[in-house]
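4 protein chains.
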Amino acid sequence: MFSIEFKIRDYECDQQGIVNNAVYLNYLQHARHEYGLSTGLDWLELGKRGIDLVIRRAELDYFRPLKPGMMVKVTANPVRKGKFRLYFEQEILILPDEDVAVKALMTAACVTDGRPAAPPELDKWFGPPN
Amino acid sequence: MFSIEFKIRDYECDQQGIVNNAVYLNYLQHARHEYGLSTGLDWLELGKRGIDLVIRRAELDYFRPLKPGMMVKVTANPVRKGKFRLYFEQEILILPDEDVAVKALMTAACVTDGRPAAPPELDKWFGPPN
Amino acid sequence: MFSIEFKIRDYECDQQGIVNNAVYLNYLQHARHEYGLSTGLDWLELGKRGIDLVIRRAELDYFRPLKPGMMVKVTANPVRKGKFRLYFEQEILILPDEDVAVKALMTAACVTDGRPAAPPELDKWFGPPN
Amino acid sequence: MFSIEFKIRDYECDQQGIVNNAVYLNYLQHARHEYGLSTGLDWLELGKRGIDLVIRRAELDYFRPLKPGMMVKVTANPVRKGKFRLYFEQEILILPDEDVAVKALMTAACVTDGRPAAPPELDKWFGPPN
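Chains as they are written, first to last, in the numbering used here: chain A, 1 to 130; chain B, 1 to 130; chain C, 1 to 130; chain D, 1 to 130.
Isolated chain A, as found in the complex (with noise of 0.2 Å):
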């Protein structure tokens, strides 16, 4: 399973004192992205070329809220249901313990000048369809 392990930042933090429920959303997306980059294959240069990964659905359960100075491990599993249903599964984990902080599926599609499309590319990242 892909992961990536950093610190909770000072200034992600609201009144609260805890991390924004927004935030979470961006640890998400760079474990994505540095999952996408581990496979070789960069977004950003997919996109490039006309070719783009959105998110069409987030779903995320808050459990435990995260705190300034906390060590995490975010978690990326790519999913592909035939060819055009895209699906990361990913988890917030706060470490040593890897007590779930968060739990979200993120539905994606990939697109070319507006309609579902399904490049060669996409195999790298999700695994050819099913």
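It is worth saying that the hints were derived from the structure and are not from the lab.
Copies of one chain are not kept apart here, so a pair can be met inside one copy or by any two copies together.
Below, simulated DMTMM-like cross-link-like pairs (lysine to aspartate or glutamate); rule was C-alpha separation at most 25 Å, straight line:
(1) Lys83 x Asp61
(2) Lys48 x Asp14
(3) Lys7 x Glu89
(4) Lys7 x Glu34
(5) Lys103 x Asp113
Given the coordinates of chain A, assemble chains B, C and D onto it according to the supplied hints.
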């Protein structure tokens, strides 16, 4: 239906030239807080008295991208089921045609000392338990 | 003097309950862009033609903190010295009394292919060279 | 010289494909706080005791843009002049060559009940008054 209107700001957009997915959660939060203030109940004041409103689950469907200069309307419709189950049905609409950019269902909980609570103040935001 | 007005949003505040220093730069940028649009010149359009307006230096003096719910006025006064030296004198004022929260001097440069440029469009923003 | 190192994240970049000017202030703050923690002094703890470290003035010179995927090093050099005048000299350097992206001088003040203060804890961060 409570709503606020504002203009998309350039700095909220990412490398794809559209508002980043995470920023939408900021917009939704802003609308919820403004709704709260409109009922005479400030969540920050509640927080100082040990009563926290927290988000437990977020579901967002992204339909259309938001771009710099667009005017948007963000709605916040509070829904209460029983004593403890609290929701906000929300939409981000692109003006002037009110095209739907995002539909969201936010599940909230009211917590005191880490336990579910239903102080009378909640009625101002969500109506009485039904 | 060009200015815009808006309300501070809760999510822009940090653990000290005040708007984070970095967010002030967002506000200032937003005011500069709105100023540009008011002159009929969109910096994003310029960028697509290879003409970039970039910030070279920022000087900010912080006088008063900004808090949730405050209404602010952000000014943007363009100043040109000679052909290439471009500045924005800016202030963030707390309404209704216009108490000064921040004074800023932003030094900009217009760049084409990495070199200083002074295309005629600049006159719309900064006036003719003097 | 105290420093931290990290990788630029995609979501910190704006429509020009480079890290937004405002985000640099976040990076600088993060380095200052990590410096504080390295001396055993947590500014958040100080704040709870009514002792606030606030930024009075920021001067930033931008030399090179930061782009997605770059590794950077952010320094924080505390300087004290007399009892009350506190500064951080900071740089953002692009690795591995340590090309200077930003040089910054941050002027800070220690405040208790709104008045300048110089509690003994300050010596841990800035050294004794000279």
